[in-house]
Amino acid sequence: MKKSTGFSILKIIFYLLGFPILAGYAVYKTIPTFTLNSTYKPYVFAGMLVLFVIALLYFGMMILTGVISKKAKSVGTVRRTVAASVLISVLLTTGIWIALDKVVPPILGEATQYTLSYDDFKDDYDEKARIHSELLTHFIEMNLKNGRLSADKAEQYFTEGYANEEVKKLIEASFNSLNNDGFGSFGGMLISLADGSRLTIPVLIHLLFDERDAPSTPFPDYVGEGRGEENADAPIRWSILDIQEGAMTFSVDLGALGAGSYAELIKWLIPSLFGEGGMVEALLDGVESAIADESIIGSPIYIGIDYEGNTITVALTPSSESRGVYDYKNMAYLANNRLLIAVTSLFPIRTACYTLGFVLTLSTLVIGMLRKKEYERKEGGRS
Amino acid sequence: MDTITFTKARATFFRVLKIVSYLAGIPLLLYVVYGDAKALSGFGVTAGSGMSAFKIIALCFGTVVALQVVAGLLLGKKDFFVRALIVTIAASAATFIPVLFIDTTVKAAFGEMRAEYSTSGEYDFERYERQLSDYLWRADNHEKAKKSFLSTYNLEGTVGTTKGGNLDGTPTTAAGDKNGIFLKGFEDYTHYVFGSEVGAAYSLNGLYADGFVFGYNQAEYLLSTYYKVKNDFASRGLDADKELKNALDALDAGDTVWTRYQLTTEYLRAYGAAPAADRGAEKIKIGNGEYDVYKLFAAHYYLTTDEIKSILNTLAGNLAGLPVTGDLVTIIEGLNTLIGLNLSNEVLDILRDYRALDYDALMKVLDDLKIDIGGEILNEAYLLKFISEFSYYQSPTTYPKMFFIGDSALRDYAYAKYLGTKHGATVGSVLIGDKVGAITLDNGGSSPKSESELTALFARIRIESEFMPKYYPWLALRAGLVKFGGIVPAAMILAYIFADAEKKNINRLIAKGGKA
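Protein chains in written order, with the numbering used here: chain S, 546 to 928; chain E, 2 to 517.
Think of the hints as simulated: they come from the structure by calculation, not from any bench. A portion of the hints provided could be inaccurate.
Unchecked claim - Beyond 12 angstroms from chain E on every Cβ pair, some chain S residues (computed):
no.	residue
1	Tyr560
2	Val598
3	Val635
4	Ile746
5	Ile750
6	Gly902
As the list claims (entries may be wrong) - Part of the chain E face toward chain S, derived, beta carbon under 10 angstroms:
no.	residue
7	Ala210
8	His301
9	Ser392
Unchecked claim - Facing chain E, from chain S, some residues (calculated, C-beta under 7 angstroms):
no.	residue
10	Asn725
11	Gly729
12	Gly732
13	Leu738
14	Leu744
15	Thr745
16	Val768
17	Gly769
18	Arg772
Note that CB positions come from ideal geometry on N, CA and C, so glycine has one too.
Just need the whole structure built from these sequences, with the hints factored in.
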């Protein structure tokens, strides 16, 4: 075998050991994100697109430096191209991500009102991919249950996911309603206080009872096939509990009311009042329907009462689940899922570049050395 | 080993020693002072000035290095000894003079402060020598004491923060910005702003903006004012709370400035009849801005008596749909005889026909039950007062009643009490009461600090906030200089000696035909 053929074979081997290994690992790391969120095409390919751009730049650079090396007039030039190609390969793998690690966190923070941070994704992207996938799955489940999606097409909704036009439309319309007639209808001051650890009773009362603009964004009650005239898309009102995540619970300590007072009476009454079909259940039904009345809050709130020892725990559960939406934060995530999934898909590539970037750097160095040897041999033959 | 290699090795050896000696001098001193300065600037109280210790030392030794370069250029390579001497003297001066300055000026200042506070008794000012060694610990303790106060009262840092502006959308302003909202005819009552601490956001009426959460500065001013006025009244045998109630009641009696103010367009816009206009239909100019009249109506932001009645009527109306019928009556009648509730026949009739319950009937039941809550009977008036305590709104475009209190001290007291209780209760920073801080559905608040604790804490924070940022950077600088006072000149001399030895070996090497 000729020596020049040997060099070529060696170079091919190192080409195969470099970028393909890095790319293969990156693709392998992307599999969970892709399989869980495959219906979010083309957004789920964002990471792959970045990898493709890196590949184009890398191979473009390698071809260019290869040509320069061959036409070089001195070994010094070859040496410089080797140094440049190694440096560029470092920049294309770790360099890009070091820069993105600096640039992206504030942008992501601002885009999500600091509800999501770069660190949430950085190493935990598989979990993020799972959560965002579940957001969609459970959204479909909630709306099959309440009839806003057609039960006959359940299988199709789950298979097509976000690619299904009805699901997509329902997500957008639900979020717009919650955003405009819920979140946006409260004063910024109240939301700011409620969001921190400052949801005081006066703030809660303001949030529940202050006058707000009448709801104006259509809220579809059915988007499936065979949608009838009766589906009016009437705008609805959302309460602060719909905006917040989970039920709001608070406890009343009867002991604190004082011994011998009405606390004793309440305690004495409780066994006969609680229980299935008891007074409390019936009374709460009445209160719940009163709360749903437009003149009070206009959005159903389900009240649960639990009694243990001297403490009565009251849990207020919003109507969002039965209406087929999440709380504001999760609904906003779901409505922007395609972008969040595009962001999530970048992180497996980041991990691959950080962990196996050195493989590309080493293979580039070896290829460069082979080029130098090849050049020296050629020059030696000439002289 | 041949002589050339040996000479070369010796030159390298001395070069290494030269570099190590040089690094052990000025760079190491700078590094140590940088560490101390960085630690000091990590505390809030010295955050702004902590690094100045490093800046001073960097300037001093920057001059020494510059002198080194100048000496090298002017004296040439020959006068090695003179150069070494000049630079060493300069380095010694750069180390010694600051220490001398600190030990005279700062020590004297500490002595004066110690004497002053010892006389006033408001702060235990520690001796200079003691603070020299534990200044970092003291700055840390200052931070911890302040943080504990912030945590108890659920405050937002030193200057507070604004969580959104005003509920009615009117602007928030800096202290003292009158913005022309006050009316003609009330010239005797100049615009009043409670406190004027940096960072607070005010409504047009001089109260804090609806969403403003107190910081340390506001809490300190508010609590100090509250206790000062309270104690002044007590020293005269008066109860500030009673005097305040009397003053407010007097404003309601007959033709007063308050009753006249309630007839102004400004006041009626917020508290008069509900605006008929739709949202955005009518705008008015306040200062430089234009505002929706509809949104300025205060009752949009609290539960009025009519609304409470309407809510209770809706609730009562929904009871009609209850699937159970007998339970309630049986239980109530049973209790009536069992524990002697003494309900009147009228009320028992209402309860028997509870499907027709309405607000008025509910109030009758409440009156009959005679529920005792801490000495007061739970009746309609109590219930409405209770609800209004939680649902209350002061329009940012009108002056509150307390603004018109004639006695300025009592007015300060009224503002402090209002802001420390009602405003604090809304924003989750109650300052005055049996429980303070964040009182929410699931948090009962913290126990307040006693007046004496607060007085001592405020004095401490005020005094330490003055002298720590001013003098502690000097102490940090001194600590570094004392540690390295002897090392720097010695290290510089050694660096010169090793440089000379290196040079000699290089010369020998060249003479032997080797390469340096």
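* So which hints don't hold here, by number, going up? -> As far as the earlier hints go, 4, 5, 10, 11, 16, 17, 18 are violated by this structure, in ascending order.
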